[in-house]
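These are the residues of each chain, in order.
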Amino acid sequence: MAFDSFGAFIVMEGHGPYVWTCYFVFFLLMGVLAWWSLRQRRAVIARHHRQIGSTPIRNNSPAGASFTRIEPSHD
Amino acid sequence: MWQIFHKLGSPKWFFGIASTLMPWLLWIGVALLAVGIGWGLAFAPQDYLQGNSYRIIFIHVPSAFLAQSVYMMMAVAGLVTLVWRMKLADVFVKAVAPVGAALTFLALFTGAVWGKPTWGTWWIWDARLTSMLILLFLYFGVMALGAAISDEKSSARAVAVLVLVGVVNIPIIKYSVEWWNTLHQPATFKLTEKPSMPAEMWMPLLLSLLGLYLIFGWLACLRMQTEILMREGRTRWVKELVQARGN
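Protein sequence lines correspond, in order, to chains R and W. Those letters in the first sequence? Residues 8 to 82, by this note's numbering. Those letters in the second sequence? Residues 2 to 248, by this note's numbering.
Honestly, I wouldn't trust all of these hints.
Derived, one-sided and incomplete: chain R residues facing chain W with beta-carbon distance under 7 Å [unchecked claim]: (1) Ser12; (2) Phe13; (3) Ile17; (4) Glu20; (5) His22; (6) Val26; (7) Leu35; (8) Leu36; (9) Gly38; (10) Ser44; (11) Arg48; (12) Val51; (13) Ile52; (14) His55; (15) Ile59.
Since the hints were made in silico from the structure, they are not lab data. Treat the numbers as computed from the prediction; the structure is a model and nothing was measured. Cβ coordinates follow ideal geometry from the N, Cα and C atoms, glycine included.
So that you can see chain W by itself, here it is in the shape it has in the complex:
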């Protein structure tokens, strides 16, 4: 266990492991997402109340789920940065923040478009929507702070503190539909309960969710490798790697 933790601190070791994993993450992710979305769009039955507009769920829920999940991963990485000063943890935070921002934007956008035929409005300042908008601003804040401080160590610490302060928003997003009276429906998937929707609906949703997770894994590995190449440009192993690849 500690050996793996120790190895995770080595950018060179991570670079090799990521290169092996990336093709699998990408192609299995794309296949799962394609099957999930194709099934959801064309074969899943129509919702008796919302009609066909509910088919947005097959991208809305995975985007929203992952947007929060990525932030939680960033918070764990932020804690590791502050406590163990592991370089790779900061590399992760800086690499995935734009991906998290894009997923949050997608959750907000698809939610707004879904809201128009369902609620009769694009936007309402209710607890769920507002807390998701705050999450988007938190992602922007992390990206801006990371870019504003040139010293690597100071930047890592400042970003980690901001990420950890912002983590308070995650339970607010999750429980907003229970704590306050909102237009937004309750959670689609719960670990403790069977899904309320039929299997023909939740199975393609689950496939889309898994697919998007794997695609996120690919993007995270790719962006982390780029960040490592930028930071470790002066090291011998990066120079050898760049020369060996020839592109």
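The following block holds chain R by itself, in its conformation from the complex:
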């Protein structure tokens, strides 16, 4: 290791604030970019799901007429 202790590693002879600020912003922005991209993708898939769900599926729909069984009355 290039430093004698963990404290020296953090302080970096006075350059720590500059170095750590850069790394913090770098990871923050890359993380936000990845999170935003994944969220966009999920939103598009969810939208397609809703559209598919709201569209009647023709093959399973009743073909014009329907029949309802009515119980005959014995009164």
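Based on the hints, put chain W in the right spot on chain R.
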């Protein structure tokens, strides 16, 4: 060769290939970046002139390198859009423009913070810094133009023209440190010369650069897939894919 080129025009084919590649790109990229940054921060020797502030180089150079590289890829894609009208090329440009903008911002930000202890100033209107700021505005312009035009074909053509006009800025960025007298140091890596820094410094830098390239590849695939899903929502294969995934 032409078969691959032809296949690249198919969003469905690209979607499948991207799904296979993405986990590899992400995890190898993260591993390389972690090793490169860890090595650079904790084990690389201190610079005799700049002290420890030079350790910003392990994110500054990869961000700046990739910011220009992404723009060049967008320019090639723009040319393909105009000449062959390949849909996937426009999908690429629209998907990666925000990533390029983020990388340019990171290059400018880390450069400014590095400049304070090294040059004694956060910012100076010299050729390298100003041309990088123009690159950031070019990325914003591409994003704004893409969002402003609703017709897909007109938007693709307009964006491609803007990207190709802006490509003139790339050689200006690259050679600014040679053409003009600037505070910025010359290029760290050159294809024709051995790096001027010792191996303990350039090896972690190279690993960080490769790692960030792979992470960019993952982000590009992910964002391109989203753009394809948006555009091809009415096609049968997208509907089947969405139903099969169930999320």
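Going down the list of hints, with the structure as the test:
The closest approach between the C-beta of serine 12 (chain R) and any C-beta of chain W is roughly 12 Å, which is over the 7 Å cut-off, so the hint fails. Restraint check, phenylalanine 13 (chain R) versus chain W: the minimum CB separation of about 10 Å is more than 7 Å; hint violated. Taking 7 Å as the C-beta cut-off, the interface hint given for isoleucine 17 (chain R) is violated, the closest approach to chain W being about 11 Å. The restraint placing glutamate 20 (chain R) at the interface with chain W holds, with a minimum CB-CB distance near 6 Å, inside the 7 Å limit.
This hint holds: histidine 22 (chain R) has a C-beta 4 Å from the nearest C-beta of chain W, less than the 7 Å allowed. Checking valine 26 (chain R) against chain W by beta carbon gives a least distance of about 5 Å; that is within 7 Å, so the hint holds. The interface hint given for leucine 35 (chain R) is violated, since its Cβ lies 10 Å from the closest Cβ of chain W, which is over the 7 Å cut-off. For the restraint placing leucine 36 (chain R) at the interface with chain W, the shortest Cβ-Cβ distance is roughly 6 Å, inside the 7 Å limit, so the hint holds.
For glycine 38 (chain R), the suggested interface contact is broken, since its CB lies about 11 Å from the closest CB of chain W, more than 7 Å. Hint on serine 44 (chain R) holds. Least Cβ distance to chain W is approximately 5 Å, under the 7 Å limit. Interface hint at arginine 48 (chain R): satisfied, since its Cβ lies 4 Å from the closest Cβ of chain W, which is below the 7 Å cut-off. Annotation: valine 51 (chain R) was flagged as interfacial toward chain W, and the flag holds, the nearest CB pair being 5 Å apart, inside 7 Å.
With a cut of 7 Å, the hint placing isoleucine 52 (chain R) at the interface with chain W holds, because the nearest CB-to-CB distance is about 6 Å. Below 7 Å, beta-carbon pairs count as interface contacts, and histidine 55 (chain R) has one with chain W at about 4 Å; its hint therefore holds. Because the closest C-beta pair between isoleucine 59 (chain R) and chain W is about 6 Å apart, less than 7 Å, the hint holds.
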